[in-house]
Each structure stands twice: as C-alpha cells, then as structure tokens.
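Following the hints, complete the assembly by docking chain S onto the known chain U.
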Amino acid sequence: MANGSGRPLSPHLQVYKLPRTALLSITHRITGVGLAVGTLLLTWWLVAAATSPAAYERAQHFIGSFFGLLLMFGWSLALYYHLCNGIRHLVWDAGKAFELSEADRGNQIVIGAAAVLTVLTWIIGLAVW
Amino acid sequence: MASNSKTLRSPLQIARGLGSAKHGTEHWWHQRVTAIALVPLTIWFVFGVIRHLGADHAAFVAWLQSPFSALMMVLTAVVTFHHAQAGLQVVIEDYVHNEMAKILSILAVKALCFVLGAACVIAVLKISFGA
Chain U
1 MANGSGRPLS PHLQVYKLPR TALLSITHRI TGVGLAVGTL LLTWWLVAAA
51 TSPAAYERAQ HFIGSFFGLL LMFGWSLALY YHLCNGIRHL VWDAGKAFEL
101 SEADRGNQIV IGAAAVLTVL TWIIGLAVW
Chain S
1 MASNSKTLRS PLQIARGLGS AKHGTEHWWH QRVTAIALVP LTIWFVFGVI
51 RHLGADHAAF VAWLQSPFSA LMMVLTAVVT FHHAQAGLQV VIEDYVHNEM
101 AKILSILAVK ALCFVLGAAC VIAVLKISFG A
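Chains as they are written, first to last, in the UniProt record's numbering: chain U, 1 to 129; chain S, 1 to 131.
In isolation and in its complexed conformation, chain U is listed as follows:
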C-alpha cells in the first residue's frame, strides 16, 4: 500500500483484503458464537424429552420443519468447521505448522474436512431418517 513515504501501513479492515488464514480465524469465532446460540436448541430438545412425549413431539416437529432443517444444516457445518479448525489451533498451540506454506495447507484441510464431514453427515442422516 502506498502512502507516499514508502513505509508499510497497518491494515485497515475496510480496505484490506483479508488473507485466507485471517478469514478462517474470524470464521472460527463466528461459528463459535453461532454454536453457542445452538445450545438453546440442544437444551430445548433434552428438556422437552424429560418433560413429556407431547413436548418432545413439538421439539422434533420443529427440528424436522424446513426452518429447523436449515438451522440444523448451518449448525452441523459450523460444528464441523469449529471442530476441525479447533484441532488446527491445538496444533498451533503445540508450536507446530506456523510456516506460511503449512498454514495454507491447513486452510485447505480445514475447509475440505468440514465440507466433506457435513455432506457425509447429511447423506447418512437423510438415509437413516
């Protein structure tokens, strides 16, 4: 970036093209918040099952509705992404794979694994439904 002085500018988020590692990093946080919201459905599901068959039916009916399935798809993708990228963060925490080439490969592995696991889950899920 040119600012006349030839010195580097610090990145400004509105004009700065995020590198893929940065995009994956903020996605990890967004999916984490999304999954935290998803615990509301988990709680509803368990509490409904503990309350009565009728309450459980209402929860199952919501989950099976179009909107429910849409939420479930989003949450399954978020869960797998957060899981895969979380494992990658644990690798980083162990002090490994910090080279740019390794980070790029990690990006591809995380995106690929999250996508494959999500599709696989839905194929199996819809088959056994």
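Just so you know, the hints here were simulated from the structure itself, not pulled from any lab data.
You may find that some hints are simply not true.
What the hints assert, rightly or not - Just the calculated beta-carbon pair ranges, DEER-fashion:
id, chain 1, residue 1, chain 2, residue 2, range
1, S, S10, U, G112, 42 to 52 Å
2, U, L41, S, P67, 20 to 30 Å
3, U, S65, S, L18, 46 to 56 Å
4, S, P40, U, D93, 16 to 26 Å
Said to hold, decoys possible - Away from chain S, derived, C-beta distances all over 12 Å, residues of chain U:
id, residue
5, V37
6, L40
7, G86
Bear in mind that the values here come from a model prediction, so they are computed numbers and not experimental data.
All residues carry an ideal CB built from backbone N, CA and C; glycine is no exception.
Chain S alone, transformed into the frame defined by chain U:
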C-alpha cells in the same frame, strides 16, 4: 533484585507468572482443556443425534436411560457450556469497550450458560432415573 535488571516487576511477581490480570494462563488453558475433551464428546454426540433422527419419545428416552449415554450426554452438556462461556467471554472482552456493559454482558452470558447447562443435566438425570 539485581541492580542491572531492567524490569519493574518484583521477583515474586515474575516467579508467580500471573501477569497484570492476576490470572496468568488459566482462562486460556481451560479453553484448551475443554476443547480437547470436546473432540471425542462431539463425535459421540453427532453419532447419537444421527441415530435418533426422527426417533419417537420412547426410543429417545430408552437411549438416555442407558448409563453410558447419560454419562456422555451430561459430560457433553457440562463441557460444552464451560467452553461456550469461556469463548463468549473473550468475544465480549474484545468488542465491548464500555466497562459496565462489558461486565454486565459477561455476567449475563455466564448466568445463561450455567442455567442452560444445569437444565440439560437435570433433564438427562430425570430421563435416566425416571420411568
């Protein structure tokens, strides 16, 4: 302290290694420990959910009445909410800069996580011990 030292921190502060916030790496470490625990728990949970898609109430209750399933579901709930409140706290600390709003929202998130986690545990125990 030796006269050639450039630090203003006392030897005791350095030895304790808890930094200015007085908590050291405890919060960070808890996030990592719960993350590691959640790897097997999440895999169990996903398989459990897939196996009980569209299950009726009797089948679902029968699943959670098995001691192993009840154990795993309680662990999943407790560790998930512990991990969630730790993560959400960091998100709030990063983006909410008004001190009062920050503290109140962190307290609210933690309270909600405790309530939801307890509700999940009680629900599983009720199913597990109930008829």
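Results of checking the hints against the structure:
no.	hint	in the structure
1	S:S10 - U:G112: 42 to 52 Å	holds (50 Å)
2	U:L41 - S:P67: 20 to 30 Å	holds (25 Å)
3	U:S65 - S:L18: 46 to 56 Å	holds (50 Å)
4	S:P40 - U:D93: 16 to 26 Å	holds (18 Å)
5	V37	violated (10 Å)
6	L40	violated (7 Å)
7	G86	violated (5 Å)
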